[in-house]
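**Student:** One-letter residues, chain by chain:
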Amino acid sequence: MSVESVFPQLEALLPHVQKPIQYVGGELNSTVKDWQSCDVRWALMYPDAYEVGLPNQGVMILYEVLNEREGVLAERTYSVWPDLEELMREHKVPQFTVDSHRPVAAFDVFGLSFSTELGYTNMLTALDLAGIPLDAADRGDDHPIVVAGGHAAFNPEPIADFIDCAVIGDGEQAVLEMTEIIRAWKAEGRPGGRDELLFRLARTGGVYVPKFYDVEYLTDGRIARVAPNRSGVPWRVSKHTVMDLDEWPYPKQPLVPLAETVHERMSVEIFRGCTRGCRFCQAGMITRPVRERSITGIGEMVDKGLKATGFEEVGLLSLSSADHTEIGDIAKGLADRYEEDKIGLSLPSTRVDAFNIDLANELTRNGRRSGLTFAPEGGSERIRKVINKMVSEEDLIRTVATAYGNGWRQVKLYFMCGLPTETDEDVLQIADMATKVIAKGREVSGKNDIRCTVSIGGFVPKPHTPFQWAPQLSAEETDARLEKLREKIRGDKKYGRSIGFRYHDGKPGIVEGLLSRGDRRVGAVIRAVYEDGGRFDGWREHFSYDRWMECAERTLPEFGVDVDWYTTRERGYEEVLPWDHLDSGLDKDWLWEDWQDALDETEVDDCRWTPCFDCGVCPQMSTEIQIGPTGRKLLPLSVVK
Amino acid sequence: MQRIRLRYTKRGRLRFTSHRDFQRAFERALRRAEVPMAYSAGFTPHPKVSYANAAPTGTGSEAEYLEIQLTEARDPERLRELLDESLPDGLDVIDAVEARTSGLADRLQASVWEIRLDGVAPDEAERAAAAFLSAETVEVERMTKNGLRTFDARAAVARLEAFSAPVDRPGHPGCAILRLVVRHLTPAVRPDDVLSGLRATADLAPPVPAAVTRLAQGLLDEESGTVTDPLAPDREAAPAAPPTAAGLTAAMAPGGSA
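Those protein sequence lines, which keep their order, are chains D and L. If you count the first sequence from 1, you need to add 296 to reach this note's numbering. If you count the second sequence from 1, you need to add 64 to reach this note's numbering.
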């Protein structure tokens, strides 16, 4: 069966929408494979606008890994803005891929990557535009298998009604394993239909198929148990972990868009996983253990990637980039190599205690010295012990003193509000910290024009972290606490004007909290919000807190629960959590002990440099820490002209 | 220091590229092609590229121009090939000359546009064009950043003709093609302003959006209403002008080396 491009119909709509270039594809390094000569076809979606979705590393990696395979094809699709959505509905143009403008419904698999739960309503829009039934139960053999991945998929229960399956952890090998199962099933003539395919995926233990699990509830609304409803389906589904990053040097040919996007740089993931043990950080908990890419592997990826893209900036990505065992040599080696080419280096996610001025000097050698960003996360020493962000005030002051002394004029500090056990006092100390930073900066630089920006948002407890049992602070209390902090900073006559204050109000955090720790019953809220017109919940101009609350009030009472029950309620040790059957490798008892340690303000070290703390991941997943140093250096590249 | 002038296109689906999008794509192509660019001084150095008179987003073009400054001399034709390879299909670099005269932008006095009106009968388009041309002034409105603006679209139009395009589907109402020569004045009159004018003077209302393509830019010969190649003076000033791609296509068409 040949599948026609919908571009001619779409083209007629494009003159009437904003930024039409985002819908036409044709990006440098994009791939269009022949439909007929492929037997497994993936449509990959980042469920947000193109400008956010295109640079997403996860989608870019899977797109390339799949397209490299013989007989496998992957194309990309993104959320269309409401102006185009309306025209597509009016003119019956279905959700399409940007590569070949094929209808999403024609593919074998429709894979969505969820970095955040706020993309759930966009998934429903895309399914509906694609002509795929919203309910997985209503889909037939000809509909694509809808699979969710990404960090949010570690608790896929709120979207259990809408997806056919979920895969947790690293996707590189997982998509290939799924591809082989789908290929074999198709080659055999699709025995047993959709159900049989899902069963074959489920029995690997690495693909979660919600419909093969029944959830029973207690009368008080808590979960009694989650159990497989057919034999051969495992009780728990494991996350996937890629070992040896050097064997997976993706993306090799990063996509270069014509449209403007949020990140325009050559990104290289220098390591995956983080064992710093910050208790609020879901990413750090679910991506264990630490696996470094080698200095030479990084050098090769940067070299090839820059040649393939022409980007003028290199981003060295990870959860805490300065923690790479050879970060100094990497930064110096790259700065040396690309000094002539005016390539800038950036290191997002730098810890205060891992920062040093030599590194910062290397990073800014080819660019400007605008600002430095650190994330102490908590204002008081006490709260930083609770969250296990072991950064002392002395560390911070020493670091900023060096920075201001070396010519930087601005420091940005990130914090969270609403952390477990937090009081007004913990948050008000953020103002004290900022004034000390300014005072020190003025002292060492001898100038008055230095700035410190405090950026603060509400904390949302996440699954698979020690804070998964914690009560979330209500939106009203969060806002009240932030207001007090603002007053204190404003009232400071001596330093207040040098301190910038940026904050996010508490409301979006409550919706994120509902979706993060929700169970299958929350699916009714998501559906109601979508049907009421909810879209692009990550965008302030589209997000509506009132709509979410109104839809929750309409749908949740039937189950005897409400938004507070999911967000501000503290959970107990014995409670079955909605994601307990999704195995991130973390031992639940270890998480509980770490939660108790948090309440006792007891810190825990990083297992990279100390003995194992038995979080459970390595033995459970048969993985190990992979770190350097390798002792190798980046050699200058010989220039052939 | 060498200056090279390039002619490039916006074809097919890439006509939806905005000028800002093109700038970013072009500067990246310069890096991929390892062109020895001259950079501006200052905190954030930029490669020295001068863009001239870009076509609006959504309209195709066969005749966009820009000029780049190099620190080392390069063969213009070799450079053109490299840049063309480095840019996505549709953004094609089709001509390159070394700048030997001043004021390329001053030579871009007028544009030739082709407007394809699917579903419009050619005689209807012809009547509309005649009505437009016979008017003294044609007031049109356009939404700009500073709100709704009213201006005359007639004075800038040097020439406007209607043709009929072949249509292969029976029963199709037809397809008219407008060929338009517009002087570059202030405020700029765009093809869609002329279409607004045709609607105002002759009720011409195409059922589907018009497909607009710029065919040429250059000096306007007022008598014939034609536009001349703006790179010609540079070619003529060259000691021994090497053949360029545009010239080559014609020369090599019958039995070329490929």
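None of these hints come from the bench; they were simulated from the model. Please read all numbers here as calculations on a predicted model, not as lab measurements. Just so it is clear, CB atoms sit at the ideal spot from N, CA and C, and this is done for glycine as well. Hints may be right or wrong, so weigh each one.
[Claimed, not checked] One side of the interface only, derived from the structure: several residues of chain L facing chain D at Cβ under 10 Å:
hint, residue
1, Arg77
2, Glu91
3, Ala93
4, Arg96
5, Ala97
6, Ala102
7, Ala118
8, Glu126
9, Leu146
10, Asp148
11, Leu155
[Stated by the list, open to error] Within a straight-line C-alpha distance of at most 30 Å, the following computed DSSO-like cross-link-like pairs (lysine-lysine) qualify:
hint, chain 1, residue 1, chain 2, residue 2
12, D, Lys681, D, Lys638
13, L, Lys112, D, Lys315
14, D, Lys789, L, Lys209
15, D, Lys732, D, Lys603
16, D, Lys600, L, Lys209
17, D, Lys507, D, Lys548
18, D, Lys603, L, Lys209
19, D, Lys638, D, Lys600
20, D, Lys628, L, Lys112
21, D, Lys638, L, Lys112
22, D, Lys743, D, Lys681
23, D, Lys732, D, Lys638
**Student:** Now look at each hint and say whether the structure bears it out.
**Tutor:** Status of the hints after comparison with the structure:
1. Arg77: holds (4 Å)
2. Glu91: Nearest chain D Cβ about 8 Å off; hint holds.
3. Ala93: OK, holds: Ala93 of chain L within 10 Å of chain D, min 6 Å.
4. Arg96: It holds, given that the least Cβ distance between Arg96 of chain L and chain D is near 4 Å, below 10 Å.
5. Ala97: holds (8 Å)
6. Ala102: violated (12 Å)
7. Ala118: For Ala118 of chain L, the interface hint is violated, since the closest Cβ of chain D sits about 14 Å away, which is over 10 Å.
8. Glu126: violated (18 Å)
9. Leu146: Status violated, d = 12 Å.
10. Asp148: violated (13 Å)
11. Leu155: Check passed: Cβ of Leu155 of chain L comes within 8 Å of chain D, closer than 10 Å.
12. D:Lys681 x D:Lys638: Distance of about 42 Å is beyond 30 Å: violated.
13. L:Lys112 x D:Lys315: holds (27 Å)
14. D:Lys789 x L:Lys209: With a Cα-Cα distance of about 41 Å, the restraint between Lys789 of chain D and Lys209 of chain L is violated, given a limit of 30 Å.
15. D:Lys732 x D:Lys603: violated (45 Å)
16. D:Lys600 x L:Lys209: violated (42 Å)
17. D:Lys507 x D:Lys548: Outside the cut-off at roughly 37 Å; violated.
18. D:Lys603 x L:Lys209: Violated, at roughly 38 Å.
19. D:Lys638 x D:Lys600: holds (17 Å)
20. D:Lys628 x L:Lys112: holds (28 Å)
21. D:Lys638 x L:Lys112: holds (14 Å)
22. D:Lys743 x D:Lys681: The given pair, whose Cα atoms are some 34 Å apart, is violated under the 30 Å limit.
23. D:Lys732 x D:Lys638: violated (35 Å)
Hint check: violations occur at hints 6, 7, 8, 9, 10, 12, 14, 15, 16, 17, 18, 22, 23; the rest are consistent with the structure.
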